[in-house]
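Positions 1 to 369 (our numbering) are the ones given, in order, by the sequence shown.
Where hints are given, some of them may not hold.
What the hints assert, rightly or not - Pairs of lysine-lysine residues, derived as DSSO-like cross-links and limited to a Cα-Cα distance of at most 27 Å, are as follows:
| no. | residue 1 | residue 2 |
| --- | --- | --- |
| 1 | K353 | K42 |
| 2 | K227 | K157 |
| 3 | K65 | K252 |
| 4 | K353 | K47 |
| 5 | K354 | K42 |
| 6 | K23 | K354 |
| 7 | K259 | K345 |
Claimed, not checked - Okay, the calculated beta carbon distance ranges per label pair:
| no. | residue 1 | residue 2 | range |
| --- | --- | --- | --- |
| 8 | R249 | P62 | 12 to 22 Å |
| 9 | D291 | N344 | 51 to 61 Å |
| 10 | P123 | R192 | 18 to 28 Å |
| 11 | R13 | A260 | 49 to 59 Å |
If you are wondering where the hints come from, they were derived from the structure by calculation, not from laboratory data.
We put the beta carbon where it would ideally sit given N, CA and C, even for glycine.
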Amino acid sequence: MELYIDQMLDIERPLIPGDHTPKPRPEAKTLCDRSYVHSTGKTIGNKPVIPGHDYSTIAWIPEEKGSWALPLTHERITSFDTPISKAAAQLELVCQLLPVRPITVWDSEYGCASFVVQTAHIPADQLMRLRPNRCLWGAPPADQGKGRPKIHGDKFKLSDSNTWSEPREQLIIEDPQLGEVVLTRWSNLHFRQSPSHSMEVIRVSVVGKYPHRRALQPMWLCWLGQKIPSLPTIWYDYRRRFAVDHWNRFAKQRLHWLKARFATPEREQRWSDLMPLMTWQLWLARSVVCDQPRPWQKSLTQNEMTPGRVAQSMGAVLAVIGSPASSPKVRGKSPGWLSGSKRNKRTVYPVVKKGITRRRKSSKKRRIS
């Protein structure tokens, strides 16, 4: 990862999104530490889950436009970890190596008090999306000198406009794709479980209808960190986060991340470590390769090359570089398994079920005096 970060030393404020993606392994009964992960295809009992592993990724978005996302760390989420705790640990490791304070961007799964508390000590600004049914709280009123000081102020329900206070700032911009966009900002709001971490909340509302589909629902964002950028910059930076989603799909479909099926999580992790390495090699080779489009594809300039198009044109570069491996040698026939030796069956591991442990109500008999 240090080699990856060396390429970012000249960036004033790097944009670093985080996300996690599933790797289904439903038939690998001898693979340990499997848990139920999200699945949009094959499911169990009409529920969108399937046995497998989850992987958490922290990436860097190098360009203002385009689909390039360069992973800095891509690690498996163990059964005793959560996506939030794993992302917090990865972000802390990345920020220790960065010489500047980055802007991190997160989806709505990370827009919660747990993630805010676990990343409070990390020197990074956070731009998170909020679920539209979230309930926030304002700053507490001044202490009256009697009783315990209040921790929370008025309730701020994102789904109920009657609970909204007066906005601090409102701006209307013209987006070339979406049209008129209204950006509204509120200050000094916090989650109930993290009252000491106040946030700036931004509501993004698209006026009119989306050109091709139904009208877009309002999007809620929150900023937690040092000096807040302008509202158009926040809206634009969050939209760049989707490049990490494109990389997840690119790793699965083009880099064949899901094709290899290993017997242990350690081997799975070694194979997964090659995905960021291959992506960075494609990024560094983008100015060397010559575009080789398919008959149905449009030619692209050097600045327009996508990860898929660079991988499509990488064969000519590899032919010139060659391979560092030695040529294969004839070794004859393998002796095979020795006769009489015992073979041990692999251990079958159950699927780890994550859930909330609730205390059972104890039935105590009342004393009769």
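_To test your reading of the hints: which numbers does this structure violate?_
11
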